[in-house]
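Trainee: Just so you know, the protein sequences line up as chains A and B, in that order.
Residues in the first sequence are numbered from 1 upward in steps of one, following our numbering.
Residues in the second sequence are numbered from 1 upward in steps of one, following our numbering.
Treat the hints with care, as some may be off.
For chains that are exact copies, the list does not tell them apart, and a pair is met inside one copy or across any two.
[To be verified] Lysine-lysine pairs mimicking DSSO-like chemistry, simulated, CA-CA at most 27 Å apart:
#1 LYS18 with LYS30
#2 LYS18 with LYS369
#3 LYS124 with LYS303
#4 LYS297 with LYS124
By construction, these hints were calculated from the structure, which means they are not laboratory data.
The lines below spell out each chain.
There are 2 protein chains.
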Amino acid sequence: MLVGNAMNRPSPFRLLAKSSQCRARRGEIKTSHGLVQTPVFMPVGTQATVKAVRPEDLLAIDAEIILANTYHLFIRPGPALIREFAGLHRFMNWPRPILTDSGGFQIFSLRELAKITEAGAAFKSHLDGAPLFLSPEDAVAVQEALGADIIMCLDTCIPYPASREEARAATALTGRWARRSRAAQQDTGQLLFGIVQGGMYPDLRQQAVAELVDIGFDGYAIGGLSVGEPTEMLLDMTEHSAALLPQDYPIYLMGVGTPADLVEGVFRGVDMFDCVLPTRNARNGMLFTSTGRLVIKNSRYQKDQLPVDENCGCYTCRHYSRAYLRHLFMAREILAYHLNTIHNLYYFVELLRQMRQAIEQDNFIRFRKDFYARLTDPEQ
Amino acid sequence: MLVGNAMNRPSPFRLLAKSSQCRARRGEIKTSHGLVQTPVFMPVGTQATVKAVRPEDLLAIDAEIILANTYHLFIRPGPALIREFAGLHRFMNWPRPILTDSGGFQIFSLRELAKITEAGAAFKSHLDGAPLFLSPEDAVAVQEALGADIIMCLDTCIPYPASREEARAATALTGRWARRSRAAQQDTGQLLFGIVQGGMYPDLRQQAVAELVDIGFDGYAIGGLSVGEPTEMLLDMTEHSAALLPQDYPIYLMGVGTPADLVEGVFRGVDMFDCVLPTRNARNGMLFTSTGRLVIKNSRYQKDQLPVDENCGCYTCRHYSRAYLRHLFMAREILAYHLNTIHNLYYFVELLRQMRQAIEQDNFIRFRKDFYARLTDPEQ
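Full structure from sequences and hints, please.
Mentor: Next up, the structure:
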């Protein structure tokens, strides 16, 4: 069994441009289902569907890559079924790259139902309470069955706040699991990413980076953030980890975030993001616009014939008024969730496209300044 | 005020072909938003959206015309708002014809909350209990604000079973309301249809037809069926009413029905149908196929890589397996409702397209026989 290190694996990442004034960078990642242009936002398709839209809608938005969820698909419908379909792509009718997370974050989220040991995570199904077990090797095998282009090591996420000892132990375990994950990986052409933990302790994050780089992965994720810490701490940890990671590999900030978080992440050298925010908020009637957030049920929109955002080119804004969207939302019509999701995902994907363009033009600092200047809602 | 009769109004209906062996006929109806090819099935878009799909999906299915609901739109968002959008078409982004029902059936469905008098229907909003009133004149005015291509007279639906006296009184009131509706109509270019009541009493239905024809409408609907009576009675009443109605005007069987009901309705000379069955059943996981009904949550479909119906050309059947649709349905994903609705509406619209073709080829009796021969599920 060959355990490689960074030297053994050619990087899937190619740098195309870099800001001369900050760490923002423009690149592409080579996967089995084509190139992903970075920096990129990955819509979340937890259960083998991005909620409330179909694959063609994501193509129309020009989503480069989507994320699916190992934990949820492990429980239902199970990796054996998806393997019979030769993987998620055919099962869900999605032709572009997919990243699957390892399930570590979901087990963390449901930690009242979970017990972490050296061997792996024992947990109970959130559906029926059935006892389940996922080792680092299992997580790799499941993701190989799912057939994602990019797969993630099983990690142990650290709550916030956590004691130094708690963070140290969990980070060390994540490192040992990462080594086992790498050893377990078959030659499937899938890219395997390691996850940097370390809690809010910079020196632990530094050790985590060193350990992962020693093992050698196809990309590196910054995990354990957006777990309740202040935004400043999120950004400090991101900056610290991103700067330590090998610059010739993709850097992925997991589970982040708001539009401003994405701008700040790119500013600090991050290439990849995922978050349920645009899709979940869409279903709650909260829409992102270039000037801030818009809550569609607000009575001020009752007769409003304008689109959600006059500067937006999405399907929803090209065809529907705020008044109609408000009507659909108040009436709890399924079309409300669909149209709102289209809009929010377009906003996120378009924001990243604009950032890519700004980096190509070495104009990112100006873009970032303009982004904040446009916001009239400081909540954004 | 001019009260016309059938002689005053040129019919919007043009007969294109007729079966030589039964009453089935092929025609077209001229409306402000184009021609409607008949016989036709109209998907139901109660609250200014056909649930779980967008207008482009209906165009892809080639739905000729959709139905919206005066009662629901009267309550929310209200006709004044929709008038500000110059009508439903622009409000909901639907370029083809719309028919609005009058609200009579909804008031009947909610009759614990309603009181019918000579003046009209007093009822309470099903949303907040607010007292509301709709006269026949109001129903016309509301539908003029909604801007549908075809509007319906307010009628009083008769429960099943009902005494002869009860049916007689309600039918007579529907006739007086029809006369008032016709008198109230403005010159908007909208087609106004009268509704034949009469319960399950053929002679009352005959009187109702005579009364409506004397007033003169642009089309005639057979109402008060599919209210709990046996299928044979539904078909007998349909046959009886359809035969009495003027054959140079469109004939619309309201709220019907199953695929077999549609075949039998066309056989008896009906041109137009609407029903929530395909959309509602889709959301409950019941799919229509050429061989019968398919309940997608059935465990037999767990690993089934076939499409819902191998003979179906809909978007859902072209891209997704039964196993994936079952997974989505079990996971309560919104995409399940969308894909199931696409399939069921395609089935209904395609069934009517096939019937139109069969009539054109004077082959309808053979089509009807083949339709039943294909069914392996007698429930169909």
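Trainee: Out of the numbered hints, which ones does the structure contradict?
Mentor: none
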